[in-house]
Amino acid sequence: MNDDNKFNKRKILVERTRLMILSGICLALNIGLGKISNILSLPFTMDTIGTIIASSLLPWYWVLSVGAASSVLASFIIHPIFLFFIGTQIAIGISSVIFVRYDMFTTPYKALFSGLCIGIVSAIVSSPVIAIVFGGISVPSISAVNALLLASGKSLWESVIGGSLVVESIDKMAAGYVSFIILQRLTIIKSSSN
Amino acid sequence: MITPPFASVMTLIALGLSIFGKTIISPILFCIIIIFYCSILSKNTYSAKVFFIYILPFVPPILFMHGILNTNFPVDYVLWNFIPVRYEGLNFSRKMICRVLPIFCCGVLWVNVDRGQVVDWLICKHFPATVIILFSQAASMVVLIKKTIDNTYLALQARGIAVGPGLLKRIRALPKIVIPVISCRLREVEYRSIVLVNRGFGTTKMIAIRYVKLKTTEIMVFITGIMILLGELIF
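From first to last, the protein sequence lines stand for chains V and L.
All residue numbers in the first sequence are consecutive under numbering that gives the first Met the number 0, ending with 193.
All residue numbers in the second sequence are consecutive under numbering that gives the first Met the number 0, ending with 234.
The hints are simulated quantities; they were obtained by calculation from the structure and are not laboratory data.
Beta carbons are placed, not taken as given, at the ideal position from N, Cα and C, and that holds for glycine.
Among the hints, erroneous ones may be present.
One-sided excerpt, in silico: chain V residues whose CB lies under 7 Å from chain L [as the list claims (entries may be wrong)]:
| id | residue |
| --- | --- |
| 1 | K8 |
| 2 | L21 |
| 3 | L26 |
| 4 | I35 |
| 5 | I93 |
| 6 | I97 |
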């Protein structure tokens, strides 16, 4: 009986540690995969793939912590600007958990649609930060579109929302598609495991 | 190296300056003190370089965007008969720059902090073990991921698999790099968790190797920072 207790306790401990390490890896993927965009000179960043993978592997509260922790860690490792986008990462986490729960990463079209929706959510949440804190300056691609819209006579808010919507939608659609490919290859999608 | 408690209190002062700051002098003075202190400690100009790397994607674009392009501000002066200069836009940019400069400066401070010391400090401050493990595992894993990406990219090139030129070819090459990197790291989950438990993680209390406390010079810089913040609040 005592041995059984010990065994169960250890099993729970291993499981908890496994979740912790898995979250750490997803968090590292959010930060580290940006290097692929650099070496392949791709026009999109891949800072949400870790969160999307986490949403299919981990409980929802771990996904949210992965999202929030990504911003905190990225602000230490990459640029302090990332700290302000903690809300965006949490919103991405929530939406990806919802999409994974409804099996939206099972076909390429569903994945692209989910990516588009995540992009819209991300744009809506990050626009106030870009407009209020940074005066319209964000990642170079968004800043370029914002500048173009401002020069055409749109207000700061219109430009920021427009620029973020365009760039984030494309970026997150790409991230959604890449996540779909990864989830398919790893055969970890919720529906296929059932 | 900078100690984590100093970096964290200076971060709070920087946040105060960004929120309550009105003048241009205080954020610039704060940044000069921090960069100067970091440079003296490290005996090189690395901190100044990092600071410029941080501000370069922000300061010139915002000045260009609002001082020249933003048509919401009136044109006050036309340079060389074709560049419109908008003083209101430049003033708006100045306000934005003053707001974020102290934050960027704190980024430089945290770059100079020893990561081992951060873990010790977090343990001393009774942070949950889950948070400490999450951050420390992720920080170590980021380096490994970057190395794996480099190796996979070189291996693909050596095998003659097309990774460019052209956007389409580069996008097609993406899964060939991403999947080995992710599967490689996910495989590590199993043995890393078992190794941690076998080494006693979760069965005993975490103890810091050393106790981290503020240095005398850091206390002096901290007092200067507080004075700058108070000056900004009072005057």
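Taking the hints in turn, this is what the structure says about them:
1. K8: For K8(V), the interface hint is violated, since the closest Cβ of chain L sits about 9 Å away, which is over 7 Å.
2. L21: At about 5 Å, which falls below the 7 Å cut-off, the nearest Cβ of chain L leaves the hint on L21(V) intact, so it holds.
3. L26: OK, holds: L26(V) within 7 Å of chain L, min 4 Å.
4. I35: With a closest approach of 6 Å, the I35(V) hint holds.
5. I93: violated, 19 Å
6. I97: Where the cut-off is 7 Å and the nearest Cβ of chain L is about 22 Å from I97(V), the hint is violated.
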